[in-house]
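With the sequences and hints as input, model every part of the structure.
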Amino acid sequence: MIFDYETLKVIWWAFVGVLIIGFALTDGFDFGVGMMLPFVGKTDGERRVLINSIGATWEGNQTWLVTAGGATFAAWPLVYATAFSGFYIALMVLLFSLFLRPVGFDFRNKVADMRWRNAWDWGLFIGGIVPPLICGVAFGNLLLGVPFHYDDTMRVEYTGSFFALLNPFGLLAGLLSVAMLLTHGATFLQVKTEGAIEQRARAIAIVAALAALVLFVIGGVWIALGIDGYRITAMPDANSAFMPLAKTVTIASGAWMDNYARWPLTKLIPALGIAALVLTVLLSVWRKAKLAFVSSGFAVAGIILTAAISLFPFIMPSSLDPRSSLTIWDAVSSHKTLGIMFWLVLVFLPLILLYTAWVYRVVRGKVTLQHIADNEHTAY
Amino acid sequence: MLPIDEVVNLSRLQFAVTALYHFLFVPLTLGLSWILVIMEAVYVMTGSTIYKDMTRFWGKLFGINFAMGVATGLTLEFQFGTNWSYYSHYVGDIFGTPLAIEGMAAFFLESTFVGLFFLGWDRLSRVQHLMVTFLVALGSSLSALWILIANGWMNNPVGAEFNFETMRMELVSMSDVIFNPVAQVKFVHTVAAGYVTAAMFVLGISAYYLLKARDTAFALRSFAIAAGFGLAATLSVIVLGDESGYTAGEVNKVKLAAIEAEWETQPAPAGITVFGLPNDKTQHTDYAVKIPYVLGLIGTRSVDTQIIGIKDLKKEHEVRIRNGMIAYAVLTRLKSGDKSPATRAEFDKLKQDLGYGLLLKKYTPNVVDATPEQIAKAVDDTIPKVAPLFWSFRGMVFLGFLFLFIFSASFYFLVRKQLAPQRWLLRLALFSIPLPWIAAELGWVVAEYGRQPWTIAGILPTHLSASTLQPGSLYFSLAGFILFYTFLLVVEMILMIKYARRGPSSLHTGNYHWELEEQNKPPTSRALPPIPHPAS
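Protein chains in written order, with the numbering used here: chain A, 308 to 687; chain B, 1068 to 1603.
Mixed in with the good hints, there may be bad ones.
Said to hold, decoys possible - Dumping the calculated DSS-like pairs for lysine-lysine here, alpha-carbon to alpha-carbon at most 27 Å:
1) B/K1406 - A/K643
2) B/K1406 - A/K554
3) A/K643 - B/K1402
4) A/K349 - A/K597
5) B/K1444 - B/K1382
6) B/K1416 - B/K1429
7) B/K1382 - A/K643
8) A/K554 - B/K1429
9) B/K1416 - B/K1406
Claimed, not checked - Interface residues of chain B toward chain A, partial, derived using beta-carbon atoms under 10 Å:
10) G1140
11) F1145
12) Y1157
13) G1170
14) L1176
15) L1183
16) R1235
17) Q1251
18) G1295
19) L1574
20) N1578
Quick caveat, the hints were computed from the structure, so don't treat them as lab data.
All figures in this text were calculated on a predicted structure; none of them were measured in a lab.
Glycine included, C-beta positions come from ideal geometry on N, C-alpha and C.
Spelled out as structure tokens, the structure:
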């Protein structure tokens, strides 16, 4: 192994981050388009323009979620076990809403009945808005800490409830996530569509980016002043294998700002989130569609990274029993597994990016009403 | 706190429901994708448009099925964490890796290109589009490979060791996990079963058009490809039966004995019980009809290896459970701080039986204080109920031979150019469409029910693997799955039947039955040709 255990632990934090951001950057605009579908698309033709703007690529985009899930299982089994069983009801609602997407895209055009199509449009709307909402709420609750602990066999017990997740800060994070991906979807539509749809998307992008900006700033102030963070006070050597219970953790106000004080350069990350949102508004106003899309992508990455950096090295803090908190040091797989998986990611991730880029190149260009009319029976 | 029995049972039921349901769509995706590759390859090589139409029409049906496969597959990716969190912690170091690789190396390939398969016809050259179709097929079969490597490891957990410091199994050899003989056999058997399913699907629907004498050129070509592909696939399913992997690993021996209702160890090579009524209480198969020698040949691929009977397996298991109790006691000492070399050495000697000790957790949380009655109960637990396995397996095998007959007969009459008069065969093919699904689900029951009481054979009992959840959460999720899945299945079936009945006319090329019929009608009738109602 060319890397020691500690380095690999940090690298895996970055990899999981890349997969989550990859998911938000790609499937994020699919969710955004889903949210807008019943509103921006006024006629069946317009709705088909929206659907076909993402039709050929959304499936690959969703695979980022599947892969992020699999990679979390492989690299952070305790996180996968604890978060997924703890957020059980939320995860189930997320799954049920995701069911509506593959079938919605494929089944909608197969019956030429407006009630049928309308029903699937609302299904796609639910599949577009619920997942970002739940993912955002979950992230918000990670920053607050969630109530779980382990027994001596490392069996997790979670004492919270679904409704306890819907606290003010959690909901704020959920709304931020929705606004952020709505922005991303709206800038995407500016690139992929023309005419009335493009104009509506532009207006939505401006409003959503402003909303995301306000929510992000409120969230930042709240984290700095309002909620307590977590801090490791003692733990075994980061290069060794150890269990979460082997460390001590305190809860302290302002502890989520530790990393920004320790590595001042990281302040650029939240700054990037803010600047990119402002830029998204401006570029949309100036009708620079492609640049606005790139900018909203940076905003998405900046916002997610801000949460990750604030939490670092925590992944899932426990409010019930702070030393049970999961961190990148103790929630990980063995040195060997992390090493093998490292090489696999190094081989496959560039390949994935390469062929994904090729697919996007093939389907480049605007989707128009004319295109839908010409491909009445083959387009989605 | 361990999950209560109700939660364990509901979690098992939910996993069975979601996995069996997902497996309604997987086999067709696995096989139909290759059939599309074959059809499109003929189109690219010959330039004959009918093969393009075939690719596109069967591709439409593929799409309806694929959407359901994607929707239901997500559940399985999440469910290990939501419902089997102790399992996820205990074996995630090994089990998570094939799942992650499946995502990166297979599912990404399949889902990135599947969109272009449907929407890329005008944007790609012929060869490029064929390559896209090929990558979708390759991705889906590779996906099955990695999932079955994970599943094979559950049945024969090689290349891993228990680490008492982290209280979990940890990876020792990735190549052992990948080249696990059980995984390899499972992969070939399962994938080939998928190919059979798709071949029967195409064969049966084509037979329907032939019976109705509609679009016969189209139907005959589809029928021919399905017959050839199906014959080859059925032969591989039968010859490379899953059972041949069952000699590897202790728990697979149990599975084999239970499938065959082998209560006693017979002198090699053992005879096979073709029929009988297995009775768990008396440990005897009533009215057994046996063929000598055959089981030994199939099960061990040799004439002199014994297949151990259930009664003897139980004796072995009692020894292992008693060793497991000692292993558990030593583990407790290790965890309380006594990490002397002597204690470690003692644990290393016993730890392969730790899982058998954990079986006692169901009866006594301390394991070490188990009474002889509790040990006897745990020993009984190590053998799954025999009758469900015995009958599922026989159902599967019977269907396998039926498929062999249908594909052979189809192939024979096709080559003799005497297919059209064989209406019985066409009807048989049509009505056999659902049967490969039944065979596949029976196969799942044999493989997974047969592994009980373990999630990881010999290492982690099922009742310890489940998440400690509230029963209410499980009733909510189970009800949600049943409602959603039933609704989606009804919608899927309606669409599938609608498009299958409409046939290639649904491509709107103007060259097929319903559209030609429309053209021949007097111009006053401007309405679309009637889409046959699924219920009619």
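> What hint numbers does the structure not satisfy?
Replying inline: Of the numbered hints given earlier, those the structure breaks are 7, 8, 17, 18 and 20, listed in rising order.
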